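Enquirer: Residue numbers (the working numbering), protein chains in the order written: chain Z, 2 to 232; chain H, 1238 to 1667.
There is no bait here: all hints are sound.
Label pairs and their computed distance ranges (CB to CB):
#, chain 1, residue 1, chain 2, residue 2, range
1, H, Ala1610, Z, Ala125, 55 to 61 Å
2, Z, Lys120, H, Gly1601, 32 to 38 Å
3, H, Leu1605, Z, Arg57, 52 to 58 Å
4, Z, Lys193, H, Val1635, 54 to 60 Å
5, Z, Lys120, H, Leu1538, 45 to 51 Å
6, H, Leu1543, Z, Leu20, 53 to 59 Å
7, H, Leu1605, Z, Ala125, 45 to 51 Å
8, Z, Gln118, H, Gln1577, 25 to 31 Å
9, H, Arg1252, Z, Lys193, 36 to 42 Å
Keeping only pairs whose Cα atoms sit at most 27 Å apart, straight-line, the calculated DSSO-like set for lysine-lysine is:
#, chain 1, residue 1, chain 2, residue 2
10, H, Lys1657, Z, Lys74
11, Z, Lys113, H, Lys1657
12, H, Lys1239, Z, Lys74
13, Z, Lys113, H, Lys1654
14, H, Lys1657, Z, Lys15
15, H, Lys1657, Z, Lys76
16, Z, Lys113, Z, Lys74
17, H, Lys1255, Z, Lys137
18, Z, Lys136, H, Lys1255
19, H, Lys1239, Z, Lys113
20, Z, Lys135, H, Lys1255
21, Z, Lys76, H, Lys1239
22, Z, Lys122, H, Lys1239
23, H, Lys1239, Z, Lys136
Just so you know, the hints here were simulated from the structure itself, not pulled from any lab data. Bear in mind the structure is a predicted one, so any value in this text is a computation, not a measurement. Ideal Cβ placement from N, Cα and C applies to all residues, glycine included.
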Amino acid sequence: MIEVQNITKTYGRKQNAFLAIDDVSFTIPGSMTIAILGKSGSGKSTLMHAMSGLDRPEKGQVIIDGQNILTMKAKAVDAFRANTMSFIFQSFFIQANESCFDNVSLPLEIAKVPRAQRKAKVEAALTAVELLDKKKSRARDLSGGQKQRLAVARAIVNEPDILFADEPTGNLDSKTGEVVEDFLFNYIKKNKAILIVVTHDPDLAKKCDARIEIKDGKISKVTGLEVKGKK
Amino acid sequence: MKTTDIIRRAGRSLRQAKTRTLLTSLAIGVGAFTITLSLAGGQGGRDYADAIVSANTNVKEVAVTKQAEDADAIAEYDENGAGQVSGNSPGPFAQGLEFISQDDLADMTAIPNVEEVTPGYLPSIDYITTEGQKKYEASVSTFSPSVSLEYAAGSVNSDLADDEIILAEDYATTLGFSNPNDAVGKTVALGATKLSTLFTVPDRQEFTYTVRGVSSESGLAFRSQGSLLISEKASEQLYDFVNVGTPNYNKFVVVSVIVDNEANAAAVKAELEDQGYTAQTAEDILGTVNTFINVLLGVLLGFGALAVLTSVFGIINTQYISVLERTQQIGLMKALGMSQGDVGKLFTFEAAWIGFLGGAIGSGVAVLAGSIANPSISEALGLGDISLLIFSPMQVAVVIIGLIAISIAAGIFPARKASKLDPIEALRTE
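All chains should be modelled from the sequences, with the hints used to inform the complete structure.
Expert: The structure is reproduced here in C-alpha cells:
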C-alpha cells in the first residue's frame, strides 16, 4: 500500500519559485496499475520522483507499507529502493557497452544478492522478456524494442513490489510498444505488484486500472481510485 | 553493493574505454619506469660499492693520515729544505698533510687493540724490465692478502714471498711474454735510484723478483691500485734503498693500522682522532661512496616523482571526463538504490585500476629493459660480471602499491563529483 499525503514541492526561490506539486494526496491500496497523466511540465515526473524517494518534497509524506520514506536516512532510502522498487525510462538507460546479462545483473548487485543466486534470476528475467538468446550480446546491438525489453528485464529481475515506468513506450512504435506493455502488465499480475506509469499516452493510460490526471501540480481528475482528503 | 562487485564493474568500465585507460596508465607508467630503474640502480650501486670496498680494503684496517695544524695557511718557504729532493713527498694530492714520524708510529702501536702498524712505503722505482727487453715505467704497491685480486695466471692464496711479484696483465704482455701463463715463474727486475745521490753520482740498482701471478683487470679493483705488487718486506727494502739519507726518510703520509678485530675498528679510529690524526675505516669509505650514490638516487627519484605528479593530473582529468560522460549511468545506478558511497567507490576503484596498470606496465618494462641492458651496461663500464641494476620483487611491489595509493588520491575529486550527482538531473531526458 502506498499512501501519498499532502505532497508539495517547489522549484527555485523567491520570485522565481515554481510550485511543481501542490498538496497532492492519494492512496494506492494494493496491487494494481495506475497511470499518472499530464502534459509535460504538469509535475507528473516530480510526483514519481517524490514517491520513489529520489526527490525530497518540502511538505507531505509518502508512506509505503507503513514506512514514511521521506524521513528515512539517505542510505536507508537507497537500500529500500534497491529492494522494493524499480524503474523503466523512456530512453532505456541501458549500458550499451555491457552485455545483456551484466545490464540485468546490476540491480541484483546493488541489492547485494549473492552471486550464486544471480545467474538464475537474470536468466529468468531475460526469459520473461524473451531475450535469453541475447544473454551474451552487447546491449548496443539490440533494436529499440529489444532495448526496452532489456530494461523491463532489468526492472523485474529483483522482483520489486513497486515499478515506476516513465513514458515506457515513448520511444517505440505502437506495435513494439504494445509488446513491452504486455511484458510489464504480465509481471504485475503475476507478482501482485504495483505499476505506476507516468505518461501522456491516453491509449496506455486506458489499459491501467486507475488514472490520476495532473494539471499545474494538482490532481485534476481521478478514475478508478478512491482519493482521501480534499483535492 | 559488495566491494568485489564494485571492483569488477570498475574493471569492466575501464576495459570498455581501452585506449583511454591505456593512455592514462602509460602516463603513470613513465613514472613507475623511472622510479623502478632508479631504485634498481641505487641497489646495484650500493652493492657494487660494497663489493669494491670489501674487495679493496681490509675491514680490520684503519688508514691514518695527519692533518697539518693549519692546513689552509700557505706554508713558509724553508731555506734548509730548498733544493732537497724528497723521496716521499706528499705531493700536490696531499696538500695540507703532515708526515707521520717514527714516534707517531710508536704512539699508534701503543693504542689498545692495535695489532700492527704498517707505514705506506710507496717506494718510487724507475723502471721494470726483464731479460732481453726494454725498460718500462712502473709503480709499485704493497700486496695485502685481504684485498682480493683476480688472476689471469698463477695465484696467491696467503702471503707473497719477499722475492716474488705480481704483475698486471698489461705488463706481462708488454714485457714480451706470449701469454700470462708464460710469465709465471720468470724473473723480472725493478730499477731504482738512491735519491740522496741523484745530483752527485747516482747510485742505481736493480732488484730481481720471480713472477708469482698475473692479475687481470677486475671490475672491482680500484684503478689507482699499483700495477706491480710486492710483499711488505720487499717494499720496505726498496723504500730504504731509495729514501735513505733524504730529509723525509722514515716519514710517511699514510699509515695503515691493523686492528685485532673488526668490531674494534671504530674505537681505534676514535682514539686516533683524539690524538690528532685523521683516520678512515673501510666502513667510512663505503659510507662516502654510498652518500654519493644516495644523492644520485635522490635526483633520479625526483624525476620519477615529477612524472608521477604529471600523471596525477592526467588521472584526475580522465576520471572527471568519465564522470561527465556517464552521468546517466550514475543516475540510473542511484535510482536503482546504489548509495553515494558505493558510487564514489566505483570511481575510486577505477582510479586504483589505472594506477595498478600503470605501475605494472612501467615496472614491468623497467625490469625487462634493465635485465636486457644489464650485460651491455656492465660491459660499457667495465664491471665484469657485476650487474648495475638490481631489481627486487619487494621494491617493484612497493612501487606498484605506492602508485595505486597515489591514483586513488587523484581519483578522490572525480569520485566525489560522481557521488554528489543528483540522479533526477542525471536522468532528465530532453
